[in-house]
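Engineer: Sequence:
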Amino acid sequence: MSTPLLLNHSSSSSVKKSRLIIPLEDIEIINKIGEGGNGTIWLGKWKSKDVALKSLKTDDTLQDEEFEREVAVLNMLDHPSIVKLYGVCISDNRKFMIVEYYPRGSLDKLIYNCKIGKESLTLAQKLSILVDVATGMSYLHSQQIVHRDLKPGNILLSDGGNARVCDFGLSKVLSTSLGATKQIGSTCYIAIEMINDSPKYTTKVDVYSFGIIMWELFFEEAPYLNYNSKKVYKFIPNNSKMNEFNILFHVLNGERPVIPFTNREEEILWLEEFVLPFNNSFSTSSLVAISDKYLDLMKLCWSEDPNSRPSFESISRQLQYLLYESKKTFPQYYQPIN
Numbered sequence: 001m002s003t004p005l006l007l008n009h010s011s012s013s014s015v016k017k018s019r020l021i022i023p024l025e026d027i028e029i030i031n032k033i034g035e036g037g038n039g040t041i042w043l044g045k046w047k048s049k050d051v052a053l054k055s056l057k058t059d060d061t062l063q064d065e066e067f068e069r070e071v072a073v074l075n076m077l078d079h080p081s082i083v084k085l086y087g088v089c090i091s092d093n094r095k096f097m098i099v100e101y102y103p104r105g106s107l108d109k110l111i112y113n114c115k116i117g118k119e120s121l122t123l124a125q126k127l128s129i130l131v132d133v134a135t136g137m138s139y140l141h142s143q144q145i146v147h148r149d150l151k152p153g154n155i156l157l158s159d160g161g162n163a164r165v166c167d168f169g170l171s172k173v174l175s176t177s178l179g180a181t182k183q184i185g186s187t188c189y190i191a192i193e194m195i196n197d198s199p200k201y202t203t204k205v206d207v208y209s210f211g212i213i214m215w216e217l218f219f220e221e222a223p224y225l226n227y228n229s230k231k232v233y234k235f236i237p238n239n240s241k242m243n244e245f246n247i248l249f250h251v252l253n254g255e256r257p258v259i260p261f262t263n264r265e266e267e268i269l270w271l272e273e274f275v276l277p278f279n280n281s282f283s284t285s286s287l288v289a290i291s292d293k294y295l296d297l298m299k300l301c302w303s304e305d306p307n308s309r310p311s312f313e314s315i316s317r318q319l320q321y322l323l324y325e326s327k328k329t330f331p332q333y334y335q336p337i338n
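With the UniProt record's numbering applied, the sequence shown covers 1 to 338.
All the given hints hold, so there is nothing to weed out.
Listed below are the simulated BS3-like cross-link pairs for lysine-lysine, each with C-alpha atoms no more than 25 Å apart in a straight line:
1. LYS231 / LYS293
2. LYS84 / LYS95
3. LYS109 / LYS32
Everything labelled a hint here was simulated from the structure, so no lab data went into it.
Could you build the full structure based on these sequences and the hints that come with them?
Structural biologist: In structure tokens, the structure reads:
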């Protein structure tokens, strides 16, 4: 049975519910821009603005429940770092969720483009993206909602480089009776307690995922299975026995994404080769100082013990400090992504 459109505590408001419904004839569907396991994404026009339409076949009960849950969650939220829901269209065999359109796409695409040299990001730009995500997640957790599928593919970027968290189909409202689902989310980003199928996991599962995202954005590589990366294995041998089938086993045994250097000398050489060229007005010492604080925070986020992980409120403050430090020292080199 599908989750009520506005969840139990909101469904009493028929006026609020009716405002969600957008007649299909009011939407101009332009072209398909994406497709995945959870549905097809279309570019459209509504009230003279570009919108994204997430479509879903209504004959899939599980996806229908995720769709209803995502609409319910988004309808509760109002924050500049959370994707904005405009409404839903319902036809005989289709449901469309109408949300903000972000032409730059998702963070995973940007990271990949950086990896292959098609785009580049300064450290300040990376920090700015992470501040947006952390601030949005802090708000989400203040509403007692756990995302449960935080990953670069679920972070959208505006033309100005601002980040928005999206895709709430697997979200859980902590006050509801919705049970934990085994191995929900994407394998590389799943927290230890979710792998163990703990029935009492908390908002800290999202913090773990954020730690993996921090690694991925900083090093511009996939967090695991990056066997041929000269960037990751510049100074250390690749002795990993991890493959796509045993990632969770290795994570449970304490393995995390590889830090490419093991001492200060290697760190300096690595930063000078892979980071300094895109931040060439930083002194090596200032870059190392920011790098150290960044990596320390990242490791705290992916701690095995959920209680050792910081809150997103704390994460946001620490990242804002690092962003301030990078802009304060060389403000002329801080530019939004465009």
